[in-house]
Structure formats: C-alpha cells, structure tokens
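A.B. asks: Now for the letters of each chain:
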Amino acid sequence: MKNKFASGFSQITLWIMVIVSFFPIFWLFLTSLKTRADSFGYPPKFVFSPTLDNYMKIFENNSFLSYYWNSIQIGVLATLFSLVLGVPAAYALSRFPTHKTDQTAFWILSTRMAPPIMVILPFYLVYRELHLLDTTFGLVIIYMIANMPFVVWMVKGFFDGIHEDLENAARIDGASRLKAIWTVLLPVSAPGIAASSIFCFIMSWNEFLFALVLTGNDTQTAPVAITGFITFEGVRWGEMSAGGIMIVLPVLLFGLAIQKYLVQGLTFGSVK
Amino acid sequence: MRTTEFISAKHQGFGKNIISLLTLETKYTPKLLLAPIVVFLLCLTVFPLLYALYVGAHYYNLADPLGKKFIGIGNIIELVNDSRFWNGLKNTSIFMSVSIVFEMILGFVLATLLSKNFKGSGIAKSIFLLPTITTPVVVGLVWIMLYDPQFGMINYIFHFFGMSQAWLSNEHTAIWALIVVDIWEWTPFVALILLTGIQSLPEEPYEAAHVDGATKIQIFKNITLPLMKQYIVIALIFRFMDSFRWFDTIYVMTQGGPGIATETLNMYGYLQGFKFLNVGYAAVIGLFMLTVITFISQSIIKRFLIRRA
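Heads up: the protein sequence lines correspond to chains A and B, in order.
Counting from 1, position 27 in the first sequence corresponds to residue 37 in my numbering; the numbering is continuous, with no gaps.
Counting from 1, position 158 in the second sequence corresponds to residue 162 in my numbering; the numbering is continuous, with no gaps.
It is worth saying that the hints were derived from the structure and are not from the lab.
Hints may contain errors.
To be verified - With beta-carbon atoms standing in for the labels, derived distance ranges:
(1) P230/B <-> V30/A: 48 to 58 Å
(2) V30/A <-> Q234/B: 27 to 37 Å
(3) G261/B <-> I26/A: 46 to 56 Å
(4) D228/A <-> I81/B: 17 to 27 Å
(5) P60/A <-> T298/B: 46 to 56 Å
(6) A67/B <-> T193/A: 29 to 39 Å
(7) S204/B <-> F33/A: 49 to 59 Å
To be verified - Computed from the model, here is a short list of chain A residues facing chain B with C-beta under 10 Å:
(8) K14
(9) F15
(10) V57
(11) P60
(12) L62
(13) K67
(14) P126
(15) I152
(16) I172
(17) L176
(18) G202
(19) F264
Treat the numbers as computed from the prediction; the structure is a model and nothing was measured.
Where a beta carbon is used, it is the ideal one built from N, C-alpha and C, also for glycine.
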C-alpha cells in the first residue's frame, strides 16, 4: 500500500516536470497562432480562434526569409566541411590508437573550455584585416572549426563499434585501404555519420555569439536577426513567436530524430 | 608488411608513391588523416591564446586612430582596479553556483524518476530533450514573454499570491529570473547523463545492503554516490564549462542589465571588445576566464577522476 502511494507520487512529480519542460515551447507555439489582441489577453488565453496571419507576415517579409536561408546555407556548408575533415581524423584515431590518443582526447575537450570571447576576438581582428567579416565563408570556417571536435569524437565512437575485420576482409580480397573504407566502413557506419551531421547542423544553427560578432546585414543568421524583432518590434509577440517557431522547428525535428545520440554528442561521447 | 610496402614503393617510383599515399596504403596514413584536424585545432586553441597574450599586452582600441601601444601588464592592473570586472565575477559565481546546485539536485530527482520506467517514460525522455536543444536565443524570447510584467504567464500566477514583479527589470530579481531559465534549460541534460549512470548500477551491493539492514540514506551515501561518481563528475564538468560561457540567453533577455545587475564576465568581455572596441582589455578578460576554467576543471578532474584510477 505504502509502495503504491509512493509510486503514484513519483509519477505525478515526473509528469509535473514534463509539463514544466514542455510548457514554454508550447506557449510560444500558441502565441504564434494568436491575433495581436489575443496575444496580449489578460489573463493569458489558452482558448482562442487560431490564425496563421503571423506566419503569413513572416513569409511576406523578405528579409526574414533571407536570414533563414543564410542559416540553412551556413549550417549545411559547415556540416559538410567538418565531415570531410573530421571523418578521416576519426578513422585515424579509431584504427591507429596510440598512447597519444588520450592526450588528443583531452585536447579536443579543452576546445570547449576556451572562453568564447577569447576565441572570437582574434578571429574578429584577423577577419577585419582579410575582409572576411560579414561573409558566409568566414562564418562557415569558424563553425567548421568549432564543430570538428564533436564530429571527430562522435564518428570515432561509431567506428570503434565496427570491427576492423570487416575492412580487413575487403583488403585481403585486394582492395586498397581507401576502397575498403569507402565500400565497407562508410556504408556500415552511415547511420552514425548521419546522426553526427545532424548534430553538427543543430550546433551551427543554434550558435549565436560568433554569428552576432562576425556577420552584418548580408549574412545575418536567423537567431541574430530575430533579436532585431525584440528591440524594434518587441510589442509584436505574434510575429516574434512565429519567427521563433520557424527557428526551433528544424532543430526539434532533427533533434528528436537523433535523440538516442544527443547526450552522447553533447558530452563528446563520455556518456554513451 | 610495412617494410615490403616501403621497398616496393621505393622501387616503383614516384607515381606509385603518390598512389599508395592516395589509397591510404602507406605508414603515413594516420598522420595524413590527422593533419587537417590538428591544424584546425591549433587554430582554435593555440592561435587564440597566443594572439590574446599579444593583444592583451597592448592598449588597443579599434576606435582609437593612434593604433596599439605596448603597455605590458597595464591591462591587468586596470582589470584588478575595475569594479565592473569584480561585479562580473560576482555575478558569474552566483550564476554558476546556484544554477549548478539546483540542476544537480533536480537532475538527480528526475533521473531517479525516469529510471523507474513508468508508463510513458519514453515520451517523457523525448520531451525533456526539448529545452536543451531549443535555440538559446528563442529560449530567451519565450521567457521574455513569460516574464512580461503586464501580460506574462508568470506574473499571472504570482498575482494570486500578491507577488507580481517586473522580474527582468528589477535589479534584485533579474539575476534569479535568469537562473531559473538556466535551470529549466539544463536540468534535463544533467538528468539524462545521470540516468545513464543509474542504469549502469549493479544490483548486488544493494541486495547486500538490504540484508545488512542499511537505511535508505546510508545506501544512497555509501553505495549510489560512489558508484555514480564518474557520471556526476561528467555532468559537473560540462555544466561548469557551459554556464561559465553562457551568453545567448542573457544577451537576449537583459543584455546584462538593469544597469550591470546581470552582467557576467562573458557579457562584460563582449561589451568591452565589441561595443567599446577595447580589444586589448577584452583579451585580458578572456585570458582571466581561461585561467579560471582551466583551474576549476583540472581540479575537478584530478580530484575525482584521477584519484579513482
């Protein structure tokens, strides 16, 4: 009897925490469907007649779309480049382990410790000289560098899980190492690499400080652009929310698709 | 194998060499594959460090047409006498300590609840990922609406208790309001790390403890905590590093205000570097942060991980 009571209490606590986690995002979604009058209703309104007006306004507003497009472009390019460089490195760390591997591991971890202000400052100053400020290329480079540790560590984890014999079999049949990687290892580890790329895309998509400092009018990403809504159009909650939903939508969809790997990625594989 | 490769490559000339390099059949393969990432990691670690040391030793304001001037430790002396720097350090410490303590406690509770595998735990786990992956800027935006003094949901709830507040523009409440957001955003992350730990716990010690008639508190203190140490440390390290660099949500919600009430070190460094264009001084703030974070995470790692080994 006592146990049943305790279990009921635990379940209720759990679901209260679920609701608290979920509510703010849900509220953003509701607000994005409200008319201006409804969004400023008091007490806050849960029941109202939904409208897509806010989304229409966002889509008619060309600048938001172009910022959105910037974000997509930069995210995709940064992901591609970090894969191209990160996957080979992951292969090397996985297949040729040395006593230095642990040191490299700590080094990779330490990149996340560096205070962003200290990282961004030299890049800003160098970019200023090279006229790379406010260019897609400039932001892609820094995202690629920032994402690489994640890619290497995640992909290495997936490679570690695939036995070397699989490639060796192909090599005994006369395939070169490159061919064995290309025809055997990569297809087998494709799901893992896909998860890593999605993770990488989410990281670039969500990033704010680098984008704030290094972009200007031409290359602003969506998260930077939406802060403009707050200062100049802060009273228009509906449109702001519609923009917010548009920004989090891909992240939530992708994130749920790879949820199994998310914590692993966020902790550089230290939690599997 | 290696020698034959080497000899055959030597005999068959340059073209073969290139081909064996391209098909990854040489002894240089690991180096070849690692070289790019090593270069890039140097860009991310050593280059900024050296550059920050260099710039930090100069008076360097981008708006000043006279350019930079070497002043040695001048910036450090200024830093020590800068009350705004100490304010930032104070705010950062409050942020970090309060939010991490709450995140660890709530995270442990949450992980324990999730480990009981109630009906719907799977869905609950998915929902708990939402705060962690939501774009931080959007998180700020949502909470601005929730905290709104006139129309916000939070004041609507608090007005029943007669405790309505302008949460974000009151200098006494703003920092706590931001801490709540951080706790909301990261508790699930901590919980999911700890959950992995709980699921890896062996059953035997618990059975033995039951037989010996240990109390729940004794079991928790003497069995669960030691076995979970590794996961607790991982969660701690990541939360330390990330809350130390927390920027996006603060920037969106308060920009460090009202006044300097929520200005963290990171925020102050940003303002010095990119608003006041005082890049030399900002570099010194960055260096200070690097020293602190290295010291803290090293001492956590040494104390908990290495002693265990």
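A.B. asks: Next step is simple, just say for each hint if it's right about the structure.
C.D. replies: Okay, the hints, checked on the actual structure:
no.	hint	verdict
1	P230/B <-> V30/A: 48 to 58 Å	violated (31 Å)
2	V30/A <-> Q234/B: 27 to 37 Å	holds (28 Å)
3	G261/B <-> I26/A: 46 to 56 Å	violated (32 Å)
4	D228/A <-> I81/B: 17 to 27 Å	violated (40 Å)
5	P60/A <-> T298/B: 46 to 56 Å	holds (51 Å)
6	A67/B <-> T193/A: 29 to 39 Å	violated (58 Å)
7	S204/B <-> F33/A: 49 to 59 Å	violated (31 Å)
8	K14	violated (13 Å)
9	F15	violated (14 Å)
10	V57	violated (15 Å)
11	P60	violated (17 Å)
12	L62	violated (19 Å)
13	K67	violated (17 Å)
14	P126	holds (5 Å)
15	I152	holds (9 Å)
16	I172	violated (17 Å)
17	L176	violated (16 Å)
18	G202	violated (18 Å)
19	F264	holds (8 Å)
Going through the hint list in order, the structure does not satisfy hints 1, 3, 4, 6, 7, 8, 9, 10, 11, 12, 13, 16, 17, 18.
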